[in-house]
Amino acid sequence: MITPTPGIKTTALLCAISLLNFSLFALAGEMKDGTIAKQNRIEIKDFAFDPQKITVKSGEKITWINRDGEPHTVVSVGKKFQRSPGLDTDQEFSITAGAPGTYEYFCSVHPKMTGTIVVEK
Amino acid sequence: MKDHNHILHNVDSDGIDRRGFLKCMAWAGTGVLWTVSGGVLVSKTLAQITKAGSLPAVTDLSFLQISDSHIGFSKDANKDVTETFRIALDRINAMPTQPAFLLHTGDISQLSKPEEFDTFDQVLKSCKTKDVFYVPGEHDVINDGGKLFRDRYLKSVEGKGSGWYSFNKNGVHFIGLVNVLNLQAGGLGQLGDEQLEWLEDDVKGLSAETPIVVFAHIPLWAVYPKWGWGTDDSERALGYLKRFGSLTVLNGHIHQVLRKVEGNVTFHTAMSTAFPQPEPGKGPNPGPLKVPAEKLRSMLGLTSVQYKQGKSALAVIDSNLS
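Same order as they appear, the protein sequences are chains L and P.
If you count the first sequence from 1, position 2 lands on 2 in the working numbering, and the numbers rise without skipping.
If you count the second sequence from 1, position 20 lands on 20 in the working numbering, and the numbers rise without skipping.
Everything labelled a hint here was simulated from the structure, so no lab data went into it.
Certain hints may be false.
To spell it out: a stretch of chain P is covered by chain L in this simulated footprint if at least three of its residues, at any positions, have a beta carbon under 8 Å from a beta carbon of chain L; those stretches are [as the list claims (entries may be wrong)]: (1) 96 to 104; (2) 181 to 189; (3) 211 to 217.
Covered by chain L, according to a simulated footprint, are these stretches of chain P (three or more residues, beta-carbon under 8 Å) [stated by the list, open to error]: (4) 107 to 114; (5) 221 to 232.
No residue lacks a Cβ here, since even glycine has one placed at the ideal position from N, Cα and C.
Using the sequences and the hints, build the whole thing.
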């Protein structure tokens, strides 16, 4: 079930609930004060996530941007957070880190592409 | 698959050794007729055939493989993939004898968008050949596990599971497989237990003389696993099919002609109608390959397949759009 993340609007939570039923992450960009403490950006380039492993604090935003000419996705192993739609070139996808833990993800179009998110308190 | 080399065969009665074979691979861009008989491989360029007037004699079945249309793609490698798809259809319409049907081996769309499928369907209406059999590519199933694709393209075949099926034409048994769904992190293409069990059952009652054509998007042989160009459980599928005297495996996905012959099995990948991709391992990634505009059409194309009863092999002809 949802692990509420402080500072996230109810609407975002409802959206996440309705889409997922369960989630350790919620949609990003919805902080109450409109700001986010730290930008964690992951570039998708040459069929790889860069950085391949990222450590963030719970509540921080994580953004992927696709720099390839090929579409990619961000899909949680075990469906632990909301998957992205197909990201075309220069499209972005963001989530807000929820409960601490280690989360593996991959591109469902090119499953050789894998990445790891470590969420700390 | 143990052997990751995509070129296996060498000498045959046509005097084509390994070096000759490599030359043939280079010819592929300009159209090559391949015939395989009992593992013996013969090739002629389309130009040679046309000059000699020696196109294959009357066949019992002629069909055409078209692949990787990627409608919706608009990057530098080809800014108008709809137009090159249309040109491919024009080439089919210009054939002296229309193929009995088309096989589309996936990646109709770039991003699984309904409007991309709409465009494809609209352009396809110009094709004189109306019967088309489909299997999905990973680009066709990005957001919904393939539901939209199945709703649109598998209605007439009563696909099982996530969309696999088989049918018979002129004594040839065709099997369309799905290896782009439920992919696992770090893995390759995948067929899955349910589909494999169905496959085993599907061919159980067939005599070993029945020619088999398998078509799926991702190659069912290990072309280049590092780039995801292979299928994790393809060996098991091929195990169910090895008793057949003629097995032709047609794939797309890698946007270039590659071929491997193992005994009675011929593996063949088709060109795309949208954009080329690099040769295995050549370049930083398997993404769209930008080539000079004047060269593009020579790297896009179609595959024609002909079957004649009594012959153990199917003739496979690749031709480009230039």
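Going down the list of hints, with the structure as the test:
no.: 1; hint: 96 to 104; in the structure: violated (count 0)
no.: 2; hint: 181 to 189; in the structure: holds (count 6)
no.: 3; hint: 211 to 217; in the structure: violated (count 0)
no.: 4; hint: 107 to 114; in the structure: holds (count 3)
no.: 5; hint: 221 to 232; in the structure: holds (count 3)
Violated hints, in rising order: 1 and 3; the structure is consistent with all others.
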